[in-house]
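The opening position of the sequence shown corresponds to residue 274 in the numbering used here, with each subsequent residue numbered one higher.
Watch out, some of these pointers could steer you wrong.
Unchecked claim - Computed list of lysine-lysine pairs in DSS-like fashion (alpha-carbon distance at most 25 Å, straight line): (1) K308 <-> K298; (2) K284 <-> K324; (3) K298 <-> K397; (4) K311 <-> K322.
I should point out that these hints are in silico values taken from the structure, not numbers from a laboratory.
On a predicted model such as this, the values are computed, not experimentally measured, just so you know.
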Amino acid sequence: MTEIEKIQRLKSSAVLFIENCCKIKDKNKKLVKFKLTKQQRQLLDIMEKNKYVIICKQRQIGISSVVAAKAIYMCITQPGTSCLLMSYRDASTRDIYNKLKAIYRSIPSFLSDKLVVDNKVEMKFANGSGITVATCGTKDAVSGATLNYVHISECALMRESISDQLASIESALTPDGIMCLESTPQDGLTYFSELYMAAENGLNLYTPVFLVGWTI
274 MTEIEKIQRL KSSAVLFIEN CCKIKDKNKK LVKFKLTKQQ RQLLDIMEKN
324 KYVIICKQRQ IGISSVVAAK AIYMCITQPG TSCLLMSYRD ASTRDIYNKL
374 KAIYRSIPSF LSDKLVVDNK VEMKFANGSG ITVATCGTKD AVSGATLNYV
424 HISECALMRE SISDQLASIE SALTPDGIMC LESTPQDGLT YFSELYMAAE
474 NGLNLYTPVF LVGWTI
């Protein structure tokens, strides 16, 4: 197999790309190869087969890490891709951006794509792809955007109803785009829990997923 063929093979699969080209910090803050867990692999597989996904999860199972890696993979391998990663508070949004940057920097340069914009809320690649990170409630997060991949983290913790913002994001999604909502369960009835229960009963477009486990 030639070097070009090896590169093409690595870029043909999110799993191959993440496990062979990306690194992540472990619980000791040491940079290690990104070895996907069963739950992370399950999520990648589900997102390959379903456009709308809603996840009820246990804490600390590495969802934000694999979401960041998938966004980078899509942007590098599919020129012109637009991704939005959103969370419930500014501190969490910053954490997501920091994971994006750490994973991006770990990728060998011959497999990556140059950044032309890097301003703490947005990464833009030379091939026309881009990743925006935003906090729920940011009014211009999807203004004029066409989105290929959206992930909204910890929906149940969002202080205000996200129904209007979800409607705006869904309208900006391309026909083959991916929309993924996730959260740990919270006490009481939330908009997220209503969406999840509706998905379980086949009353909306979302595929419900329950994930348990632990990882970095």
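Hints, verified against the model:
no. : hint          : result
1   : K308 <-> K298 : holds, 11 Å
2   : K284 <-> K324 : holds, 21 Å
3   : K298 <-> K397 : holds, 23 Å
4   : K311 <-> K322 : holds, 17 Å
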